[in-house]
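S.K.: Chains as they are written, first to last, in the working numbering: chain A, 272 to 652; chain B, 14 to 278.
Quick caveat, the hints were computed from the structure, so don't treat them as lab data.
Restricting the straight-line Cα-Cα distance to at most 27 Å, the calculated cross-link-like pairs of lysine-lysine (BS3-like) are: (1) B:K208 to A:K574; (2) B:K68 to B:K170; (3) A:K315 to B:K66; (4) B:K215 to A:K582; (5) A:K315 to B:K215.
Computed footprint of chain A on chain B; a stretch qualifies when at least three of its residues, placed anywhere within it, have a C-beta under 8 Å from a C-beta of chain A: (6) 83 to 91; (7) 209 to 221; (8) 251 to 261.
Reference excerpt, derived from the structure (chain B facing chain A, CB under 10 Å, subset only): (9) S27; (10) V50; (11) S206.
Where a beta carbon is used, it is the ideal one built from N, C-alpha and C, also for glycine.
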Amino acid sequence: MDYDLTEEQRMFQQMVREFADNEVAPVTDELDEKGEFPYELQAKMAEMGLFGLPIPEEYGGSGAGLVTYALAVEEISRASASLGITMAAHTSLGCLPIFFFGSEEQKQEWLVPMATGEKLGAFGLTEPEAGSDAGATKTAAELKNGQWVINGTKCFITNSGTDITSVITITAVTGKIGGKKEISNIVVPAGTPGFTVSPPYRKMGWHSSDTHELSFSDCRVPESNLLGGRGDGFKQFLKVLDCGRIGVAALSVGMAQACLDESVKYAKSRVQFGQPIGRNQGISFKCADMLVEVELSRNATIKAAWLADQKRDYSREASIAKLFASEAAMRAASSAVQIHGGYGYVEDYPVCRIFRDSKILEIGEGTSEVQRIVLSRGLGL
Amino acid sequence: MNIVVCVKQVPDTSDPDTEVHIDGTGKGVDQGKFSFVINDADNFAVEEAILLKEKHGGEVTVVNIGPEAANQVIRMALAKGGDSAVRLDDEKFAYSDPVATARLLASALKDVEYDLVMTGCLATDDGYGAVGIALAQLLGVPHAAYAKTVEVVDDKKLKVGRELEGGLLEMNEIELPCVLAIQTGGNEPRYASFKGIREASKKEIKVMDLAATGLSEDQVGEAGSVAVMTQYSVPEVGELAEILEGDPAETAGKLAGILKEKGLV
Chain A
272 MDYDLTEEQR MFQQMVREFA DNEVAPVTDE LDEKGEFPYE LQAKMAEMGL FGLPIPEEYG
332 GSGAGLVTYA LAVEEISRAS ASLGITMAAH TSLGCLPIFF FGSEEQKQEW LVPMATGEKL
392 GAFGLTEPEA GSDAGATKTA AELKNGQWVI NGTKCFITNS GTDITSVITI TAVTGKIGGK
452 KEISNIVVPA GTPGFTVSPP YRKMGWHSSD THELSFSDCR VPESNLLGGR GDGFKQFLKV
512 LDCGRIGVAA LSVGMAQACL DESVKYAKSR VQFGQPIGRN QGISFKCADM LVEVELSRNA
572 TIKAAWLADQ KRDYSREASI AKLFASEAAM RAASSAVQIH GGYGYVEDYP VCRIFRDSKI
632 LEIGEGTSEV QRIVLSRGLG L
Chain B
14 MNIVVCVKQV PDTSDPDTEV HIDGTGKGVD QGKFSFVIND ADNFAVEEAI LLKEKHGGEV
74 TVVNIGPEAA NQVIRMALAK GGDSAVRLDD EKFAYSDPVA TARLLASALK DVEYDLVMTG
134 CLATDDGYGA VGIALAQLLG VPHAAYAKTV EVVDDKKLKV GRELEGGLLE MNEIELPCVL
194 AIQTGGNEPR YASFKGIREA SKKEIKVMDL AATGLSEDQV GEAGSVAVMT QYSVPEVGEL
254 AEILEGDPAE TAGKLAGILK EKGLV
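Sequences and hints are given; from them, build the entire structure.
M.R.: Structural data, given as structure tokens:
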């Protein structure tokens, strides 16, 4: 049993922390206010290897494990949840489907430029009427003359409309098998005729991450853009989502840590009734609870990532980590705003943004309710 | 061009929670709660060395005097592009003044081929600002301190910009080999990539104790020092000093009041 990080992991964690403190944190509020995608920061992060950490070096990545990836997502998210999700969604949803299921040719063409961070990737699963119920997917792809003809709509797709977005892997109904929908994953390059990216959503938070509705109207891509086997779409995206949950869990840990840091700082400096408010147990206990939840969230996240690195089944642990860490982050954000009082409700203090940025953690990559369904089914219920 | 860059590990003074307490000996500070980082100016020296290597080829050797824990700053310099490293580690090296420190660094260079040696211009902990100059003297080569820009003229010459008061840049030509004590702000120190960090773990850090340096005991540590540090002390609060207490909003208000009262604003 060993709880220590390796020297390599510690060094990279330190480097990412320095980067987040020096380069990201000073511009987070401005980016959030303008709702701009941070191309410059993205490029600097790409140089550090942050956009392809778990992808092997031969495909443009860094060949790091998921523990290292989780540590990096946490550090970036501590400074900016928007950048955290940009990095996490690109890695798990953009890169991994092609890495896991793509042919050598597909990997060379699409994965390599994404894993180096030169390009961004996205995954289109959710639809207006098919969220948690992925079986209700309506987007259809019909094979005609060696081409998939795609029609339908996808929503809430992260990284799908940046200047450097290269491909979106989408789930689509490609036929019926025994009365059931046959779902397959198909890669759609940005700019394909018939593929339209709507203007960005006006989101509650994550303002500098890029999220769009996508529509496909007789959009044609080559038959060879099918990812893996026809009809494998369902089991493919379940595998991708397991890893995505580690990303969202790590994001949550970083944001909860930021809440704790800001709350302790404020509780020490804010004086009311002649003493710092942190002397009141009503405040200090909130901070203690936050500390406990940050620590437990981090442990759960790293455990899931470690299991994945050991090539062991980590689906349940990823779900536990995602469920607990996301709800803990929301609680931490709520406490942090409460500790800041009126100042927590104005944008001059970071906890205001973190509060807005937190809610989605309980929704994206499987809602809390879906996690509970998955976990309770595992209990045989 | 082969470059040697000397790096020191220092307490992280950017951490607002860093409190300095003098230890029992009176000649050191309690380091238990410190986190350690590369000295600020040395970080710029490392970047300058790697930029020169990328442009002109050659190898960068990182040299440090410190305990095993200092491997952390050495490995980071290697992760950014350094090729190999030497760490001088012996308890007899403690309390070395800038001259004894420079003597140790010089001893590490006896088996290293170099055209250029760089140090930071000033350490953020003891602040002597003298090691680079002493090192040049011991190596018998020219030096420039507070160097902010470095250009290679040819195999034998550099053009070095020294930063003076008011941002004035004094341009000098200096012959190689030489020692440059690098000022902060002349470049943008990079962040190591994950691959760089992985590579760094495979690079050698040669450790030298007193015997390996070929120096004698009276050339190092306190015995080998020109200036001997006797004691640290905390300045006493003078009668004319007024320390404002309270949260920032409160103290800022008080300060503004005092400045107004004295007619300073």
